[in-house]
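Participant: Join the two chains into one complex using the hints; note that each chain is given alone, in its own frame.
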Amino acid sequence: MKSAPIYLDHNATAPMLAAARDAVIDAMARTGNPSSVHATGRAARHLVESAREQVARSVGAAAPEIVFTGSGTEANNFALRGVDGPVLISAVEHDSVAAARPDAIAIPVDGDGIVDLRALEALVAQHRPALVSVMLANNETGAIQPIDEVARIARRARALIHCDAVQAFGKIAVDVAALDVDLLSVSAHKIGGPQGVGALIARGNVALEPLLRGGGQEKRRRAGTENVAGIAGFGVAAAAVNDHLKMAEATRALRDGLEARIVAAMPGARIFAAGTRRLPNTTCVGMPGIGAETQLMAFDLAGIAVSAGAACSSGKVTASRVLRAMGASEEEARCAIRVSFGRGNSVSDVERFVAAWMALAMRRGSNGGATIRAA
Amino acid sequence: MVSTVLRNSQPIYLDYQATTPLDPRVLEAMMPYFTSKFGNPHSRSHSYGWESEEGVEKARAQVASLIGADEKEIIFTSGATESNNLAIKGVAEFYQGKRDHIVTAVTEHKCVLDTCRHLEQKGFKVTYLPVQQNGLIDLEQLRAAVTDKTSIVSIMAANNEIGVVQPLKEIGAICREKGAFFHTDAAQAVGKIEIDVNAMNIDLLSISGHKIYGPKGIGALFVRRRPRVRLVAQINGGGQERGMRSGTLAPALCVGLGEACAIAEKEMASEAVRLRGLRDRFLTAIRERLPEVYLNGDLENRIPGNLNISFAYVEGESLMMGIKRLAVSSGSACTSASLEPSYVLRALGVEEEMAHTSLRIGFGRFTTEEEVDTAVEEIVRHVTKLRDMSPLWEMAQSGVDLKSINWAAH
Chain A
1 MKSAPIYLDH NATAPMLAAA RDAVIDAMAR TGNPSSVHAT GRAARHLVES AREQVARSVG
61 AAAPEIVFTG SGTEANNFAL RGVDGPVLIS AVEHDSVAAA RPDAIAIPVD GDGIVDLRAL
121 EALVAQHRPA LVSVMLANNE TGAIQPIDEV ARIARRARAL IHCDAVQAFG KIAVDVAALD
181 VDLLSVSAHK IGGPQGVGAL IARGNVALEP LLRGGGQEKR RRAGTENVAG IAGFGVAAAA
241 VNDHLKMAEA TRALRDGLEA RIVAAMPGAR IFAAGTRRLP NTTCVGMPGI GAETQLMAFD
301 LAGIAVSAGA ACSSGKVTAS RVLRAMGASE EEARCAIRVS FGRGNSVSDV ERFVAAWMAL
361 AMRRGSNGGA TIRAA
Chain B
1 MVSTVLRNSQ PIYLDYQATT PLDPRVLEAM MPYFTSKFGN PHSRSHSYGW ESEEGVEKAR
61 AQVASLIGAD EKEIIFTSGA TESNNLAIKG VAEFYQGKRD HIVTAVTEHK CVLDTCRHLE
121 QKGFKVTYLP VQQNGLIDLE QLRAAVTDKT SIVSIMAANN EIGVVQPLKE IGAICREKGA
181 FFHTDAAQAV GKIEIDVNAM NIDLLSISGH KIYGPKGIGA LFVRRRPRVR LVAQINGGGQ
241 ERGMRSGTLA PALCVGLGEA CAIAEKEMAS EAVRLRGLRD RFLTAIRERL PEVYLNGDLE
301 NRIPGNLNIS FAYVEGESLM MGIKRLAVSS GSACTSASLE PSYVLRALGV EEEMAHTSLR
361 IGFGRFTTEE EVDTAVEEIV RHVTKLRDMS PLWEMAQSGV DLKSINWAAH
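These protein sequence lines map, in sequence, to chains A and B. Heads up: the first sequence begins at 1 in the numbering used here, then just goes up one per residue. Heads up: the second sequence begins at 1 in the numbering used here, then just goes up one per residue.
A couple of the hints might just be wrong.
Said to hold, decoys possible - Keeping only pairs whose Cα atoms sit at most 35 Å apart, straight-line, the calculated DSBU-like set for lysine-lysine is:
| # | chain 1 | residue 1 | chain 2 | residue 2 |
| --- | --- | --- | --- | --- |
| 1 | B | K122 | B | K58 |
| 2 | B | K110 | B | K98 |
| 3 | A | K219 | B | K110 |
| 4 | A | K219 | B | K122 |
| 5 | B | K385 | B | K403 |
| 6 | A | K219 | B | K324 |
| 7 | B | K149 | B | K178 |
| 8 | A | K219 | B | K125 |
| 9 | B | K58 | B | K266 |
| 10 | B | K37 | A | K246 |
Unchecked claim - Computed footprint of chain B on chain A; a stretch qualifies when at least three of its residues, placed anywhere within it, have a C-beta under 8 Å from a C-beta of chain B:
| # | segment |
| --- | --- |
| 11 | 10-22 |
| 12 | 28-38 |
As the list claims (entries may be wrong) - Part of the chain A face toward chain B, derived, beta carbon under 10 Å:
| # | residue |
| --- | --- |
| 13 | Y7 |
| 14 | I25 |
| 15 | A99 |
| 16 | A207 |
| 17 | L211 |
Since the hints were derived computationally from the structure, they do not count as laboratory data. Positions of the beta carbon are idealized from the N, C-alpha and C atoms, including for glycine.
Extracted from the complex, chain B is given alone in its bound form (with noise of 0.2 Å):
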């Protein structure tokens, strides 16, 4: 029944960094906590306490397991931008007066970037480091960086808007050697891509439920216990989570998390294959239908559900409006409806005509073959339609060099 509803929406859904559908698999198992399993899993004098905590507690396995860590280490959040907050507002705090610096990356998520700048008011230090023209930080900027004073580096796993993934275990050697503690928002990269919190010296992850096929309002934050890691809770209350978040746990909630995280660890090679299989086809049918495309971020360290594509001499508005039948998106989310070029595209020195004119495309779970082939032929007839009516791309194409025509004023 499930599945049916979701193959019904009409749209094609090609925005699978922005939220993904629920597996069916994961309501199933959330099903008995919505009924009979209603406890409060922190009422210690009943079964029906008793039971909802034995959800929660499997679910808090799960999730360890997807990134080798051990149960002990995983928080329950409402969500990654939660954790993203508490990880690096709780270390910030905890060490303030002994090490009051903070790196992180410009081309971060707006909940890092507003978290940092919000502690930058509080006094502390930000370093905000370039990225290179795929997207990359440079390791060696970083270890410049990074200093006897920083408390924590937060660089993502997986960016949101270009997908590309951060040398991870070399960032976690770099911090590990100058004692600063490693944050990952892997929101985007968790059950996409291997990610190994010991291998790769991660001390801090964050996890979102909704983007790898489990519920919205639920995430986790990974805190490591030795070498242990100490933050203020950002909440408080009852003391759950190990004092370090307070509030009732969902038991539905975290057991959608855990069985999704679950169903990753499972199926996530397969998948990955199959979804780059699927990005292969878009990419190599859009290029070879339409010249001036040009791909954003690196290809080769990308997790393998998304492409961000600029379509030169498109007007990016008009695009949208034109592909109405593909729920793509022109950046992340969040910003989605303002018109600001994205920030992510600008930091790669990605033009700002070129980042209007971008679309993120994402590919997942639920993306058929088919539905990959109707997107190409609805961009490709769109983008076709919008270049023939752009004065621009007439000059370009009879060789006039738009960079040297000077624009009168107006």
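If we strip away everything but chain A, and leave its shape as in the complex, we get (with noise of 0.2 Å):
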């Protein structure tokens, strides 16, 4: 018998919520653009501009200060090459973040992940950059960056703080005044929204060099027609965004369990950024010794939907860029898998995965001898 396959991917894109989804629907079946006056064109207006109104309210920004863009990933490189001058990130960037600016100056990160925020005032003071941009959480380990203590000293040297908050947002609280940042990239599908839709927040609306030209669309910030519905959509779900906070200490409780179960059967396993706050649905664990391209074949086969690392263009698995930023061996990092829950997950998708895993572990003997106790 085959049992209905689990999803544990959520880091990678997440379901997309019945009002959004809804919400996008209707839209889809209205006409209208929303640059035209007369009345169909206004009528599509409406839409963009409630959902800049959810959107804003969901990080405590004003409207006005929401552009929307085609994806998160666009939001990043607005904001990274939309400024002149030096700019720093973090080395466990999304390469979204990474990629927008090959000439930017990494600041380092602990074990966990965490940046070196010593390392980052030196690097303030010897670069004097336009921007400091650091993620809020990381996509493969769930890290929790201390976003306020960074634009704390950025903001001492006067450069702009940007903030990737693609992954946190929907997991924990994001609030654009209590972070303290310039400018926070959010995507929509990530939240259980559209694919296809992300926002830039530009706070007191800092002059960003335009990515797309054209029409004069999001006040000449980002041209091109408005993705009515998926801004839509958008829009509703990030609306819901407390209601996805009530339930992450449910959440937490499947993703400390199945840590605390397959650490507790392999002493061997590492969870990465253990030491650490992290989102409460993400786990990067290490299966010492079994490659992850195996673990993913066997995880697929046992009907479960997990990853390594991001979500891009390679099918090739690669040893995580983030990993060895935080001092792993090309082989532990080689060997970890992310496990990432949402909306729909239950204990028993737990027991099914600690028990896919204990399986895989078991028929592949450990790494060097390391005991795997009964679960």
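Facilitator: Next comes the structure, spelled out in structure tokens:
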């Protein structure tokens, strides 16, 4: 008997919320270009502006500060490439930050992937950056950065602060004022909204060089006809983030349960970033001696969807850049997978994951004689 | 259910160049990707990712097929604006230093012109070709403008305001001969007229989803592989879309664009006949009932669903206010909120007053004869009413040549 597949890859993308889906489909069935002045166009404009309010409220920003984009990646590129001058980024940033500015200077991180604030101070003094970009939570490990402290240091040097909150949004509270950042990136599909929409929150209307030029939409900050339906769905999903946050403790219990059982069964197993505050839904776990590729295949056969790090272009599993920056050896980094929980997961999903994990670990034996205890 | 919703929209929608309604068949194709097939198409480790990817790749083939391209030559973007930005900036930046010259035309869409202006500020040279009175570029002027320093020639396939179709094949031949890449913004042309990127020697071509009854938020860029066009990516990250455009693709939107292309490929020929019929019905009736109306742009070389007409002696804003039942525009949607006269019409040599009185009327897949007739009635009624109140109209009718009058300065 084949049981229903289990989705434990919510950091790659989350299923759409029913309400967001309804909003998308409803908006799809309406015509209208928001830039048209006739009634049909104005109705489309209204959908976009209501969603702007919803997204703004969900992160404690003002509506005019929201610039809708085509993705979180675009929002990150917009922020990073929109400024002139040197840029500092953490060593564990998402590719969409790192690749947007190949000339960026990396801020080192500790063994849990947290930026080294002392090092940041020195780098700020040395390079006089125009922008410091540090993610709120890491997509692979879930490690949460001390953004307020990063901001304090950056502010003293009059640098702008950008925070990639794509992975954190919807999983922990995100408030631009509390974080004290100038720029913040979010994405709809990570919070139960549709794929194909993101936003850059530009506080106090920080002036940025636009990435896309043309029709003057988004107050000349991002050209192109607005993805009205996608934006409407994003708004609805953003309005529901507080409901997500209420589930955080339940999600954390699932995640912690999974980690506890794996570590108890195999003391050699490593939970990355375990020593720091993390997103409640994410675990990055290494099974010594067994490559991530092998693990992923085994989990897929068991009907469990997990991943090795970020879901990007390459099908190849290479050692995670993030884990390497945290000081993991090539071998350790090669053996890690990411499990990310979300809406709809239950204790039985944890049971099945642990069972599959144990079966694999036992079948392959353990690394250097580490013991496997019955779970 | 969807079609009822579409048809219930109260105003008569005649603004198909601004955006088109989503075809219900397109929405149907997209639906599974809003529900069960929700995976990230770039997830390679599980079936959720694979089935999303499968949808994306099928869509890519559908888009390619419509323009005679190979599916490997299709890059998904967030829309034609992004495609145009990527094509022009991407190619210009890649060949910077070797070829620093760009050729475009004055009637291009704003996103092409703004991109070119930005590149000028960065030190590139840009030639803006004028257009003839019918809106078409002069091929000899193009030939003279393209040099061995030209990296890219960007000439739109069909104009968004006046619908005129440029001689793509001839432009392609000139570009190929001169060794410059030919990019065409085909947002208004794809799915409306036959386009074959090989027969026309097109090297890059921009497509929009929402102009062809697909969703908003999705577009594509055709990037030729042989001879290979190289460009600098404008959005970097995970390296999706062969490294030319990073970011998680939206499978539902890709599938929607693909389906829209497949429908267009099947129905384009018969739809063109029908739309030309509606357009002619409209134009004939207007011309029969109203004197002093002027068609802007060539009628022959034009996409079937577009008209752009100036109604002399009528104030454009008042006319727009009067015909509220009709969703039409006085220019492109992007600039329609501004009161500036259309730069496209000005480029044709249309005088400012006449440019101010112009309407863009777009017919499309869901336009009925009845709607066309109603629109004619509305426009005739309001134009007549406004002219009746106009002293200029009265003077013109009594034979005064308005151009001979020396207006007193205020």
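Participant: With reference to the structure, classify each hint as holding or not holding.
Facilitator: Hint-by-hint comparison with the structure:
| no. | hint | verdict |
| --- | --- | --- |
| 1 | B/K122 x B/K58 | violated (39 Å) |
| 2 | B/K110 x B/K98 | holds (27 Å) |
| 3 | A/K219 x B/K110 | holds (15 Å) |
| 4 | A/K219 x B/K122 | holds (23 Å) |
| 5 | B/K385 x B/K403 | holds (23 Å) |
| 6 | A/K219 x B/K324 | holds (26 Å) |
| 7 | B/K149 x B/K178 | holds (10 Å) |
| 8 | A/K219 x B/K125 | holds (28 Å) |
| 9 | B/K58 x B/K266 | holds (16 Å) |
| 10 | B/K37 x A/K246 | holds (26 Å) |
| 11 | 10-22 | holds (count 6) |
| 12 | 28-38 | holds (count 10) |
| 13 | Y7 | holds (6 Å) |
| 14 | I25 | holds (7 Å) |
| 15 | A99 | holds (4 Å) |
| 16 | A207 | violated (15 Å) |
| 17 | L211 | holds (6 Å) |
The structure fails to meet hints 1, 16 from the earlier list, while all remaining hints are met.
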